[in-house]
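Asker: Each chain, written out:
Number of protein chains: 2
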Amino acid sequence: MAPIDTVLAKIDSNQSGALDRLFDLLRIPSVSTDPAFKQDCARAAQWLVDELIRIGFTASVRPTEGHPMVVAHAKAQRSDAPHVLFYGHYDVQPPDPLDLWETEPFAPRLVDTPTGKQIVARGASDDKGQLLLFVEACRAFLETGGLPCHVTLLFEGEEECGSSSLPAFLAANKSELSADIALVCDTNMWDRDTPAITTMLRGLVYEEIVVRAATRDLHSGMFGGPAANPIRILGKIIAGLHDDSGRVTLPGFYDGVDELPDDVAKQWRALPFEGRAFLGEVGLSKPAGETDRSVLEQIWSRPTCEPNGIVGGYTGEGAKTVLPAEARSKISFRLVGRQNPEKIVQAFHAYVRAQIPADCRVEFISHGASPAIQLPFTSEALTRARRALHQEWDREAALVGSGGSIPIVGQFKHELGLDALMVGFALENDRIHSPNEKYELSSFQRGARSWARILNALASPQ
Amino acid sequence: MAPIDTVLAKIDSNQSGALDRLFDLLRIPSVSTDPAFKQDCARAAQWLVDELIRIGFTASVRPTEGHPMVVAHAKAQRSDAPHVLFYGHYDVQPPDPLDLWETEPFAPRLVDTPTGKQIVARGASDDKGQLLLFVEACRAFLETGGLPCHVTLLFEGEEECGSSSLPAFLAANKSELSADIALVCDTNMWDRDTPAITTMLRGLVYEEIVVRAATRDLHSGMFGGPAANPIRILGKIIAGLHDDSGRVTLPGFYDGVDELPDDVAKQWRALPFEGRAFLGEVGLSKPAGETDRSVLEQIWSRPTCEPNGIVGGYTGEGAKTVLPAEARSKISFRLVGRQNPEKIVQAFHAYVRAQIPADCRVEFISHGASPAIQLPFTSEALTRARRALHQEWDREAALVGSGGSIPIVGQFKHELGLDALMVGFALENDRIHSPNEKYELSSFQRGARSWARILNALASPQ
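For the protein sequence lines, the chains are A and B, in the order given. So that you can map any letter, position 402 of the first sequence is 671 in my numbering, and since no number is skipped, the others follow by simple counting. So that you can map any letter, position 199 of the second sequence is 468 in my numbering, and since no number is skipped, the others follow by simple counting.
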């Protein structure tokens with residue numbers, strides 16, 4: 270295997286060709302949610318397969334009930350090398366609203382800006398740019414002697430429309446997709462100069478409750494007082510879910526919620542992040558969560574409970590003196606660490622039932638329960654990847670959390686038993702899903718080098 | 270003036286003619302809400318005027334922007350007699366759904382039932398039967414020597430569609446409509462054998478609040494925790510409006526709420542009323558109001574606070590992980606006694622403002638504030654009317670409250686400065702506003718006699 274510097278030099282010399290290849294892929298309008306673009310999705314999958322075969326992978330288009338998967342394999346030079354499963358997606362969001370694009374969304378171009386060049390096109394950042402970086406890293410290894418790890422690639426075509434074929438595909442191809450670790454590229458850098466590894470994704474329990482009282486809507490004059498009011502019952506349920514310090518009151522809710530290791534806590538505190546500015550962008554200024562936690566903690570490493578919707582009684586113009594027969598609310602929980610979704614659902618149901626008067630009823634509708642994802646801070650892969658990123662960017666990689674979920678990561682864990690190393694080179698302001706989506710040329714250039722360093726680091730002797 | 274027995278005998282001998290007259294009026298489909306029946310409303314008003322002139326009133330149809338009023342006057346024999354203003358309405362609800370009527374809604378008929386004969390037609394109970402009783406009582410006086418009281422009649426044609434012309438009409442005709450007391454007939458008996466006088470109507474304060482937090486809807490993964498959630502704020506506001514004993518927590522809320530006089534409280538306790546059965550009819554069993562008050566008190570003589578509507582966030586099918594930018598609720602208060610609506614609005618606003626975080630906002634929309642109506646239990650007219658009803662029915666008249674409002678009663682108080690004596694002979698099961706509306710023939714027969722006795726009693730020397 271060539272020394273890493275040779276590989277990095279190859280990536281640099283391949284740059285212009287790499288950009289041409291990315292532009293070719295960006296020109297294919299692989300909008301997965303709109304059936305009008307079905308052939309384009311198939312075309313993007315085939316383009317990837319052709320490209321991967323050209324550089325030495327065995328690769329094939331794999332039909333599903335929706336858009337096809339692309340699966341490719343390449344062996345490492347050493348048979349005892351670690352095996353990585355890299356995931357990305359070739360489908361993109363619709364480009365609407367078209368009139369807000371400065372140029373055609375599927376006619377990629379390089380734009381000069383005061384902070385450097387940007388690649389502008391739908392999919393430049395999400396996810397064609399991010400996934401091709403990894404392919405370019407593999408190309409450089411294969412062109413200079415071989416891969417340091419066994420590599421399996423899985424590229425999906427339905428990420429932007431629900432990934433409905435994915436769970437069954439993972440289950441059906443479990444052994445073919447087996448690996449030591451998953452690499453997921455759908456994430457951001459901390460800022461344009463600081464790489465990041467996402468080690469925590471919050472889980473989600475999403476419940477809906479329907480509180481029913483009288484058999485029909487009642488006149489609030491005739492019945493107001495003695496008749497139970499479902500809106501009041503819901504109000505009490507919602508108000509009782511938090512105490513004055515912002516903690517969730519369900520018994521056992523914090524079981525499995527760990528404190529951050531000191532070094533991580535220290536690193537988070539050192540991150541240039543202003544809670545007030547973060548909230549200021551949406552017109553708020555006062556952190557509303559647990560009073561003894563920073564805004565970053567509240568989003569990344571603390572569980573939450575929030576009603577997402579509520580409706581009951583008369584909601585039109587003016588006044589109607591009604592006591593409704595029912596009212597409903599959707600309430601979700603973000604989970605962290607080792608919180609057990611099923612136990613939280615049970616505790617929530619028990620809490621709600623205890624608030625329902627004897628002559629009223631409650632119906633529960635479940636909209637999902639998935640645990641948090643946490644790559645252990647002690648993971649050897651994490652340590653190696655962090656070191657590799659440090660070498661490339663000359664800055665410590667931030668270990669960050671994410672308030673939301675990346676479903677594929679849960680599925681890799683659940684279906685394939687794989688932890689995921691989440692590294693991406695997108696920036697917060699890449700305008701993904703919006704007009705004039707862009708990807709920084711610097712991300713594209715140094716992202717491929719970063720992946721080469723990570724693959725090299727994963728395969729190095731201890 | 271003839272002795273009351275002569276007048277009562279005249280009412281009895283007029284019975285068959287009285288029923289014919291009621292049937293004539295019931296045949297006119299005076300549906301006020303539907304423009305197709307505009308001419309029929311005018312016809313009903315003219316029918317009343319013709320009838321009133323025939324028996325000795327001066328009467329006229331009085332145009333309004335909507336359906337006309339009927340105003341009529343007749344003097345008492347003694348010029349120093351008290352003056353009553355009697356109110357009723359000649360318009361009716363639409364008969365829909367027509368297929369649920371056993372016979373034509375505007376083809377009145379007498380139906381034999383195990384408990385006696387019933388008059389079945391739209392408007393039989395609400396309000397043509399109730400208002401004609403009073404006219405028949407006046408007729409009997411006028412046919413036997415003269416009225417004991419000066420009588421002004423006001424019949425409205427828009428009660429079932431909002432009474433929009435009424436306030437201006439009262440204001441514009443204040444002196445013509447002046448009297449010592451108003452008589453309002455739009456109410457029920459306690460049961461088919463027990464007359465009732467309604468002495469309390471609850472007032473109403475109806476507020477809407479809109480709580481606004483972030484400038485846009487937020488992703489609950491990205492912002493859940495630090496970002497304020499308007500649904501949680503509303504939940505806290507609603508939950509905090511009552512304490513554990515069901516009392517409203519607003520400071521000063523119970524100012525002006527009097528305890529019932531002992532004799533009224535005793536009479537209420539003696540009424541054959543089962544709170545459990547009342548709630549049972551709508552599928553409930555456990556009184557939800559103030560824990561130390563009976564169901565009747567909760568409805569009639571105690572103030573309440575109830576949310577009538579709430580909406581915020583995602584309310585469609587399935588799940589959406591949104592933190593809404595705003596949520597709103599309509600919240601109303603039923604008032605009793607001398608509670609001051611303006612003070613309650615102020616207390617409510619102050620309470621709500623105190624729950625709004627510094628970086629959130631609240632908007633208040635007012636949908637009305639009217640005080641409770643209470644005929645003093647010490648009123649001489651009440652005492653006399655109660656005695657008169659006792660004589661006719663051989664049972665003490667129940668002094669009852671009503672949880673709802675009768676807007677005209679507040680307007681009489683506000684525009685004309687009149688207390689109202691509310692006496693009616695409808696029954697709870699008269700199916701007003703529903704198919705097969707009926708009025709008991711016994712109500713029709715003894716109702717006219719009751720009004721004759723009341724007029725007589727109001728005019729008697731102390």
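Hints are computed from structural coordinates only; laboratory data are not their basis. Any given hint might turn out to be false.
Because identical chains share one entry, a pair is satisfied inside a single copy or across any pair of copies.
Claimed, not checked - Simulated pairs of lysine-lysine, DSBU-like, Cα-Cα distance not exceeding 35 Å:
(1) 555 x 443
(2) 505 x 589
(3) 682 x 505
(4) 535 x 386
(5) 386 x 505
(6) 535 x 682
(7) 505 x 555
(8) 555 x 344
(9) 612 x 344
(10) 612 x 555
(11) 505 x 612
(12) 589 x 443
(13) 682 x 589
(14) 307 x 589
(15) 443 x 505
(16) 535 x 307
(17) 612 x 589
(18) 612 x 443
(19) 535 x 612
(20) 307 x 555
As the structure is a computational prediction, the values presented were derived from the model and not from experiment.
Asker: So, for every hint listed, does it hold in this structure?
Answerer: Status of each hint after checking the structure:
In this assembly of identical chains, the alpha carbons of residue 555 and residue 443 never lie at most 35 Å apart, being 47 Å within a copy and 56 Å across copies at closest. Taking the shortest alpha-carbon separations for residue 505 and residue 589, both the intra-copy value of 22 Å and the inter-copy value of 23 Å come in at or below 35 Å. In this homomeric assembly, residue 682 and residue 505 never come within 35 Å of each other (Cα to Cα): the closest approach is 37 Å inside a single copy and 38 Å across copies. Within a single copy, residue 535 and residue 386 get their C-alpha atoms as close as 34 Å, which meets the 35 Å cut-off; across copies the closest is 87 Å, which misses it.
Taking identical chains as interchangeable, the C-alpha atoms of residue 386 and residue 505 are never at most 35 Å apart, the minima being 54 Å within one chain and 50 Å between chains. In this homomeric assembly, residue 535 and residue 682 come within 35 Å of each other (Cα to Cα) only inside a single copy, at 28 Å, whereas the closest approach across copies is 71 Å. When the C-alpha separation of residue 505 and residue 555 is checked against a cutoff of 35 Å, the pair qualifies both within a copy, at 24 Å, and between copies, at 18 Å. Taking the closest pair of Cα atoms, residue 555 and residue 344 never come within 35 Å of each other, the shortest separation being 53 Å inside a single copy and 72 Å across copies.
In this assembly of identical chains, the alpha carbons of residue 612 and residue 344 never lie at most 35 Å apart, being 43 Å within a copy and 80 Å across copies at closest. Taking the closest pair of Cα atoms, residue 612 and residue 555 come within 35 Å of each other both inside a single copy (31 Å) and across two copies (31 Å). Proximity of residue 505 and residue 612 under a CA criterion of 35 Å is satisfied in both settings, with 22 Å inside one chain copy and 26 Å between copies. Taking the shortest alpha-carbon separations for residue 589 and residue 443, only the inter-copy value of 30 Å comes in at or below 35 Å, while the best intra-copy value is 58 Å.
In this assembly of identical chains, residue 682 and residue 589 lie within 35 Å of each other by CA distance solely across copies; the values are 24 Å between and 51 Å within a copy. Taking the shortest alpha-carbon separations for residue 307 and residue 589, only the inter-copy value of 27 Å comes in at or below 35 Å, while the best intra-copy value is 49 Å. With identical chains, the CA atoms of residue 443 and residue 505 are never at most 35 Å apart, being 47 Å at best within one copy and 48 Å at best between copies. Taking identical chains as interchangeable, the C-alpha atoms of residue 535 and residue 307 are never at most 35 Å apart, the minima being 48 Å within one chain and 79 Å between chains.
Proximity of residue 612 to residue 589 under the C-alpha cut-off of 35 Å is restricted to the inter-copy arrangement: shortest distance 22 Å between copies versus 40 Å within a copy. Taking identical chains as interchangeable, the C-alpha atoms of residue 612 and residue 443 lie at most 35 Å apart only when both belong to the same chain, with a minimum of 29 Å there against 69 Å between chains. For the homomeric pair residue 535 and residue 612, the shortest alpha-carbon distance inside one copy (31 Å) is at most 35 Å, but the shortest distance between copies (53 Å) is not. For the identical chains of this complex, residue 307 and residue 555 are neighbours neither inside a copy (46 Å) nor across copies (59 Å), given an alpha-carbon limit of 35 Å.
Checked against the numbered hints given earlier, the structure breaks hints 1, 3, 5, 8, 9, 15, 16, 20 and satisfies all the rest.
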